[in-house]
Amino acid sequence: MNTTGFPSPAQGYEEKPIDLNCLLIKNPASSFIMKYEGCSQKEEGIEQGDYLVVDCARSPEDGSLAVVRHEDIFICVRLHLSKKEKNQVLYYTRLSKIYRCTEVFGCVKAVVRLV
Amino acid sequence: MIFHVDANSFYASCEQLFRPDLDGKPIAVLSNNDGVIIALNQECKNLGLKRGDTYFTVRDRCRAWGVNVFSSNYTLYADISTRLNILYSAFAPETEIYSIDESFLYFPNWNNADFPQMGMDLKHLVMQSVHMPVSVGIAPTKTLSKLCNKLAKSRGGVCFWDNMDKDYELKSIATSDIWGIGLSKTRTLARHGIHTALDLKNMSLDKAKKLLTIQGMKTVQELNEISALDCIERETRQNITTSKSFAQGVADLPQLETALAEYTQLAVYRMRNEKSACAYISIYLMTARQYDRSRKDEEYFNGATAQFNHPTSFLPEILAAGTEILRTIYREGYKYRKVMVNLLGLEADNQVQGDLFEDTLIIDKKKQDAVMTACDQINRKYGRLCLHPGSRNAVKDISPDGQYAQWHMKRDFLSPSYTTQISSVPRVW
Chain A
1 MNTTGFPSPA QGYEEKPIDL NCLLIKNPAS SFIMKYEGCS QKEEGIEQGD
51 YLVVDCARSP EDGSLAVVRH EDIFICVRLH LSKKEKNQVL YYTRLSKIYR
101 CTEVFGCVKA VVRLV
Chain B
1001 MIFHVDANSF YASCEQLFRP DLDGKPIAVL SNNDGVIIAL NQECKNLGLK
1051 RGDTYFTVRD RCRAWGVNVF SSNYTLYADI STRLNILYSA FAPETEIYSI
1101 DESFLYFPNW NNADFPQMGM DLKHLVMQSV HMPVSVGIAP TKTLSKLCNK
1151 LAKSRGGVCF WDNMDKDYEL KSIATSDIWG IGLSKTRTLA RHGIHTALDL
1201 KNMSLDKAKK LLTIQGMKTV QELNEISALD CIERETRQNI TTSKSFAQGV
1251 ADLPQLETAL AEYTQLAVYR MRNEKSACAY ISIYLMTARQ YDRSRKDEEY
1301 FNGATAQFNH PTSFLPEILA AGTEILRTIY REGYKYRKVM VNLLGLEADN
1351 QVQGDLFEDT LIIDKKKQDA VMTACDQINR KYGRLCLHPG SRNAVKDISP
1401 DGQYAQWHMK RDFLSPSYTT QISSVPRVW
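First to last, the sequence lines map onto chains A and B.
Residue numbers are given in my numbering: position 104 of the first sequence equals residue 104, and the series is strictly consecutive.
Residue numbers are given in my numbering: position 68 of the second sequence equals residue 1068, and the series is strictly consecutive.
These are calculated hints, taken from the structure and not from any lab test.
We put the beta carbon where it would ideally sit given N, CA and C, even for glycine.
Treat the hints with caution; some may be incorrect.
Listed below are the simulated DSS-like cross-link pairs for lysine-lysine, each with C-alpha atoms no more than 27 angstroms apart in a straight line [unchecked claim]:
(1) B:Lys-1153 <-> B:Lys-1050
(2) B:Lys-1335 <-> A:Lys-109
(3) A:Lys-26 <-> B:Lys-1338
(4) B:Lys-1296 <-> A:Lys-109
(5) A:Lys-35 <-> B:Lys-1025
(6) B:Lys-1123 <-> A:Lys-109
(7) B:Lys-1335 <-> A:Lys-26
(8) B:Lys-1123 <-> A:Lys-26
(9) B:Lys-1296 <-> B:Lys-1244
(10) B:Lys-1275 <-> B:Lys-1381
(11) B:Lys-1244 <-> A:Lys-26
With the Cβ distance kept under 7 angstroms, some of the chain B side facing chain A (calculated, not the full set) [said to hold, decoys possible]:
(12) Pro-1020
(13) Asp-1021
(14) Lys-1025
(15) Arg-1083
(16) Ile-1086
(17) Leu-1087
(18) Ser-1129
(19) Asn-1302
(20) Val-1425
(21) Pro-1426
(22) Arg-1427
(23) Val-1428
(24) Trp-1429
Based on the provided sequences and hints, a complete structural model is requested.
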């Protein structure tokens, strides 16, 4: 660092620029950023190319937006609790078929879109 | 009580994390330059492949069997490891990072606790938060907790020493499987008729000291549930950890930077004493754990890892990287309780092998060595940390510009940096 000349009058007032992580990520250890490449979630306001902030720390509930494993890929869906069965089973709809959710990756906490 | 936590087939598990299509399929990870297999999952072991197989000799078999082969992606492994350590720090009062996939968690003076349940809770926490399978060994000493971890692998992932039929278990474990008993010690012991862990446990301490030196004697004490290993003691350790706990919460970044500078220097000093250099540095920052639900907002645990272009033991370079990480993970408004420095990927600090085109690299390295050797000598003479770097802003921009990064490294099967590059994040459909 150069120390010639007058000290800057702003010295001591420097702050970090705004860090969007503060807003988007509460649990750094369990949060992952993923990119949405599908096209079935337009109704939820999620479009192809959006970034999803996915937190794995929270367990999904009825109505959670989540990233789940569907066969050999990850997909983003709205989960619903079955009202018929006693044990808590989560379901999702894909291409108008209903699937039982077997493996949740994490809950979607935020959607980031560059416009 | 001490927990030893070990991630199962860590590198292979990391490669599988964002590849649901690889679930249940064989995965092998190759060393730098794609030379030998350094990690493999159970499915791959079942095919008869082993750690240490040269890829060249098994390549055809891997293709025929459909083994998924990866070059080592240390960037990914270090990031996942950092996440595990953040979880551990939030779970236990005191932690010690032993290697990229192993840690010790300390619960000093915890008596009335359901330890097996805590072990299961930890296992579930890690599985849910980072999707990593871990096993947990729980015992009063480090040697026994490491031993319990081995047992845990075949017993549902958690093993608590006090619930074991102790002598029966020890009888079926060979001396060579005990932490700290290497090949030469195994041979010495065999000559004296000592073959099992139980034989070793019942050995008299004076005899142990005579046969195995003070290190071996400590192992015998540890087998007898007496804590004897205070810090990491191993012939070539894989990382060095130093940490500073604050009596009162610190919210101020400059104050944290000063503490970081002091503890980075200490870690580098220890590393230089062992004539090692590090390839990575991790910094962890944490508040106190809040058990009161209404005060959960006061909790913050974070950490991050940076990779050097070249293994280094040059304090200004290491501290510059550490400070940068600290500034990145620091968030205003929290009262921090602890800052932790971890130097990873240790290797012998050899003179850099250069060629015609890397003259400047060799000269730089020589100059850095001269500076650091002089500092070490002064500090040795006048007391530790007598000569120290001015922390704040003083070391900016010293790190080299990356022109010799990763030169001629062969990594044909490298997976994306899923968690550290925005262009490589996993895809969701």
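Problem set entry | chain A contact restraint for Ser-1129 (chain B) - C-beta distance below 7 angstroms | It holds, given that the least Cβ distance between Ser-1129 (chain B) and chain A is near 4 angstroms, below 7 angstroms.
Problem set entry | Agreement of hint Asp-1021 (chain B) with chain A interface, Cβ distance less than 7 angstroms | Check passed: Cβ of Asp-1021 (chain B) comes within 4 angstroms of chain A, closer than 7 angstroms.
Exercise. Is Lys-1244 (chain B) close enough to Lys-26 (chain A), meaning Cα to Cα at most 27 angstroms?
Worked result: Within the cut-off at roughly 24 angstroms; holds.
Exercise. Taking 7 angstroms as the limit, does the beta-carbon of Pro-1426 (chain B) come near enough to a beta-carbon in chain A?
Worked result: It holds, given that the least Cβ distance between Pro-1426 (chain B) and chain A is near 5 angstroms, below 7 angstroms.
Problem set entry | Hint check, Arg-1083 (chain B) versus chain A [nearest Cβ-Cβ separation less than 7 angstroms] | holds (4 angstroms)
Exercise. Should the hint that Arg-1427 (chain B) touches chain A count as held when the rule is a Cβ pair under 7 angstroms?
Worked result: holds (5 angstroms)
Problem set entry | Interface hint for Asn-1302 (chain B), Cβ within 7 angstroms of any Cβ on chain A | holds (4 angstroms)
Exercise. With 7 angstroms as the cut and Cβ atoms as the points, is Ile-1086 (chain B) at the interface with chain A?
Worked result: Status holds, d = 4 angstroms.
Exercise. Does the alpha-carbon distance linking Lys-1335 (chain B) and Lys-109 (chain A) stay inside the 27 angstroms limit?
Worked result: holds (25 angstroms)
For this session: Closer than 7 angstroms between Cβ atoms is the bar; does Trp-1429 (chain B) clear it against chain A? Give me holds or violated.
Result: Status holds, d = 4 angstroms.
Exercise. Does the CB of Lys-1025 (chain B) sit less than 7 angstroms away from some CB of chain A?
Worked result: Lys-1025 (chain B) check fails; min Cβ-Cβ to chain A is 10 angstroms, beyond 7 angstroms.
For this session: Decide if the proposed pair is consistent with the structure: Lys-1275 (chain B) and Lys-1381 (chain B), CA atoms, cutoff 27 angstroms inclusive.
Result: holds (19 angstroms)
Of the hints listed earlier, the one the structure fails to meet is number 14.
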